[in-house]
Amino acid sequence: MRGSTAVGAGNGKVAVLSGKGGTGKTLLSVNLAAVAGGALYLDCDVEEPNGHLFFRPTDVREEEISVKIPTLDASKCTGCRKCVDFCKFNALALIRNKPFLFEEVCHSCGGCALVCPEKALGEKDKVTGRVQRGVSGDVAVHTGTLNTGEASGIPIIRNLLAGAAAEEKSFTFIDCPPGSACIVMESIKDADYCLLVAEPTLFGVHNLNMVYELVRIFHKPYGAVLNKCIGGENPAEAFCLEHGIPILGRIPFDSALGSLSADAKIAAREDAGFHALFSSLLENVREEVRRETASDPQR
Amino acid sequence: MKIVVPVDENKLESSVCFSFGRAPYFLIYDTEAKTGRFLSNAAAASQGGAGIKAAQAVVDSGATALLTPRCGENAAAVLKAADVKLYQTAAGSAMENVTAFLAGKLPPLGEIHAGFHGRGGR
Amino acid sequence: MKQLLILSGKGGTGKTTIAGAFIALSAARAFADCDVDAPNLHLVMRRTVEPKRSDYYGLPQAEIDPLRCRACALCQKQCRFGAILPGPAYRVDPFACEGCGVCELVCPAGAISLKPAVAGELTLYAGPERVFSTARLKMGSGTSGMLVTEVKKQMKAAAPDTDLAVIDGSPGIGCPVIASLAGVDMVLLVAEPSVSGISDMERIVKTARNFQTRIAVCINKYDTSPSNTEKIEAFCRREELPVVGKVPFDPAAVKAVNDGRTIVDVDCASGRAAKKVYRGTMQILFGQN
Chain X
6 MRGSTAVGAG
16 NGKVAVLSGK
26 GGTGKTLLSV
36 NLAAVAGGAL
46 YLDCDVEEPN
56 GHLFFRPTDV
66 REEEISVKIP
76 TLDASKCTGC
86 RKCVDFCKFN
96 ALALIRNKPF
106 LFEEVCHSCG
116 GCALVCPEKA
126 LGEKDKVTGR
136 VQRGVSGDVA
146 VHTGTLNTGE
156 ASGIPIIRNL
166 LAGAAAEEKS
176 FTFIDCPPGS
186 ACIVMESIKD
196 ADYCLLVAEP
206 TLFGVHNLNM
216 VYELVRIFHK
226 PYGAVLNKCI
236 GGENPAEAFC
246 LEHGIPILGR
256 IPFDSALGSL
266 SADAKIAARE
276 DAGFHALFSS
286 LLENVREEVR
296 RETASDPQR
Chain Y
34 MKIVVPVDEN
44 KLESSVCFSF
54 GRAPYFLIYD
64 TEAKTGRFLS
74 NAAAASQGGA
84 GIKAAQAVVD
94 SGATALLTPR
104 CGENAAAVLK
114 AADVKLYQTA
124 AGSAMENVTA
134 FLAGKLPPLG
144 EIHAGFHGRG
154 GR
Chain W
215 MKQLLILSGK
225 GGTGKTTIAG
235 AFIALSAARA
245 FADCDVDAPN
255 LHLVMRRTVE
265 PKRSDYYGLP
275 QAEIDPLRCR
285 ACALCQKQCR
295 FGAILPGPAY
305 RVDPFACEGC
315 GVCELVCPAG
325 AISLKPAVAG
335 ELTLYAGPER
345 VFSTARLKMG
355 SGTSGMLVTE
365 VKKQMKAAAP
375 DTDLAVIDGS
385 PGIGCPVIAS
395 LAGVDMVLLV
405 AEPSVSGISD
415 MERIVKTARN
425 FQTRIAVCIN
435 KYDTSPSNTE
445 KIEAFCRREE
455 LPVVGKVPFD
465 PAAVKAVNDG
475 RTIVDVDCAS
485 GRAAKKVYRG
495 TMQILFGQN
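So the sequences go chain by chain: X, Y and W.
Position in the first sequence (from 1) plus 5 gives the number in our numbering.
Position in the second sequence (from 1) plus 33 gives the number in our numbering.
Position in the third sequence (from 1) plus 214 gives the number in our numbering.
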């Protein structure tokens, strides 16, 4: 499995994930990136990227992301239908003795071209999304967006992660998609540390459990941040204590914070109090990352 | 000519299946020989592209008409390219619909839906 | 059977909370949780019958026979998904394998074959009074669209004569959402008054429109940002989408959910507002076109 090379003091790729949507992944990753002094923010939630709404990056360079789909040289095709029969995704149909491609069903595996005895199938690019790279103050902001109707965000996430390696920033914050499906796995592949964001509801704990399983399967060091804390019983806190998940910080439920975020303002840039809150949280994260990665330099 | 109807069971009295792409069977009715045979629909178990695979089976059978309650856009594209005409089924069994079709009572299928896109992959 | 699907685009807007309320209010005899990645509806629905569980098979996965593998690396070179892991015997990464069959095709030693693989679990609670269909996708699996279709199919098969089915959808705009949209009669979008929420709502409206189904909007936690609520209302006017109600932010809602109950099981502000949203939605779903 891919991993990063040994990490120096204070460097790190920190993936922020939650299992459930709306718990505060973007709030946390955006604000941590804003206080870290020269960090990179990667928005891997390519179906619904939101970080750029907060950062409003400038000097944006855009790169189209494409996948390969087959093209037919009809003059070479004998209508043998080996390609149609091979395709596990039913993306090819034989009509009037020639294969007809359904682009959005194609998984770009390249199998049909390999199986064609006449070499009648070639490839061309199909754009499925884009990556935009810009800056906001001292933060480099990279955003991935999947075009509506397209199935897989994975090629976009791969491009984002490859681009991150080129930036050589002190800290990279990876804003992950919700859930625990393959796009989340792809987003954490290069992470040195995983921050699990949890909200104090029954739904939140249930989904925290899922990402907790996920990070352990991938042998990633992890810690939790409890968001929207309202005092009283916190099922997410109880879960963390029960499972020995280090709690790196608690963000109180605060209508001022909620208001700022609702208007896509970066709280740490707007208010000294929030700047202090997120800076102190960052210090805990920095310390944990240093500790965890120093103990296993092979990671 | 041969006509195809998606069916719930492999009997002429079977009800017409609500879905084309994932129907368990297809009835292939030969209007000259006045006989029907049943084809098990391999597309029903597909992760994705079921409509395409089912439409391929219809094209391969040599049918020139499909009687169905609905049809997705990918399946419709395959059928249209192969000159298979689509007709809208009414309530009743498969055989009742075949009879209605032969009497010219079934209208052409008006609406093609966007497709389930329940395909595999991410 | 009329199917009502509850979606939001953005996660955390309150789909499941609203779905739970609707199910309680309508005494819906059929309901389903199509958020197969992170199903939550069962946490607020009282389940009184024994569930029937079944394996869900996703894409077949490649398997390499270590006894036949010659470590020639041809499979690794051809695999477009990074799913072949090198080693003394090559192995397939089950999280990355898409079941395309290219490795099986190119292996000179015949060491690779595609085998069926369990990708999740379907659960059906089928009581005399009501039917609840849900599923959980195995971590890292990719075939969520197909599983969503199975959840709906399972529900319809168990309750064919029901007049209303309430379906809790998943966040995002991808495969599982598209699969859940197919064949529904109406979509209720739960919008959140935040810049992110509005942006995501616009993307989900675009996705839902492809399905030519009735769409209505309700605004949850509307009092957390009156200005953004106004923006959503203006958007809905421009797009000709009916707004069937607004639900206030309510700490009592969190408590109800944490106690495993719906917001209409207790007397609270959000529950009362949800009742109005429910009435407005039912009018559109069952009323004149």
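Hints are computed from structural coordinates only; laboratory data are not their basis.
Where hints are given, some of them may not hold.
[Claimed, not checked] Below are the EDC-like pairs computed for lysine to aspartate or glutamate, each with C-alpha atoms no more than 20 Å apart in a straight line: (1) X:Lys87 x X:Glu69; (2) W:Lys216 x Y:Glu65; (3) X:Lys270 x W:Glu335; (4) W:Lys367 x Y:Glu65; (5) W:Lys460 x W:Glu416.
[Stated by the list, open to error] Label-pair restraints from in silico Cβ distances: (6) X:Gly84 x Y:Ala66: 42 to 52 Å; (7) X:Thr76 x W:Arg282: 48 to 58 Å; (8) X:Gly84 x W:Leu319: 14 to 24 Å; (9) Y:Ala66 x W:Arg284: 47 to 57 Å; (10) W:Ala287 x Y:Met34: 22 to 32 Å; (11) X:Ser264 x W:Arg452: 22 to 32 Å; (12) W:Asp307 x X:Ala171: 48 to 58 Å; (13) X:Ser264 x Y:Ala78: 49 to 59 Å; (14) X:Lys129 x W:Ser268: 36 to 46 Å.
As the structure is a computational prediction, the values presented were derived from the model and not from experiment.
Beta carbons are placed, not taken as given, at the ideal position from N, Cα and C, and that holds for glycine.
Each hint, compared with the structure:
no.: 1; hint: X:Lys87 x X:Glu69; in the structure: violated (32 Å)
no.: 2; hint: W:Lys216 x Y:Glu65; in the structure: violated (41 Å)
no.: 3; hint: X:Lys270 x W:Glu335; in the structure: violated (41 Å)
no.: 4; hint: W:Lys367 x Y:Glu65; in the structure: violated (37 Å)
no.: 5; hint: W:Lys460 x W:Glu416; in the structure: holds (18 Å)
no.: 6; hint: X:Gly84 x Y:Ala66: 42 to 52 Å; in the structure: violated (28 Å)
no.: 7; hint: X:Thr76 x W:Arg282: 48 to 58 Å; in the structure: violated (35 Å)
no.: 8; hint: X:Gly84 x W:Leu319: 14 to 24 Å; in the structure: holds (20 Å)
no.: 9; hint: Y:Ala66 x W:Arg284: 47 to 57 Å; in the structure: holds (54 Å)
no.: 10; hint: W:Ala287 x Y:Met34: 22 to 32 Å; in the structure: violated (53 Å)
no.: 11; hint: X:Ser264 x W:Arg452: 22 to 32 Å; in the structure: holds (25 Å)
no.: 12; hint: W:Asp307 x X:Ala171: 48 to 58 Å; in the structure: violated (25 Å)
no.: 13; hint: X:Ser264 x Y:Ala78: 49 to 59 Å; in the structure: holds (51 Å)
no.: 14; hint: X:Lys129 x W:Ser268: 36 to 46 Å; in the structure: holds (41 Å)
Of the numbered hints stated above, those contradicted by the structure are hints 1, 2, 3, 4, 6, 7, 10 and 12, listed in ascending order.
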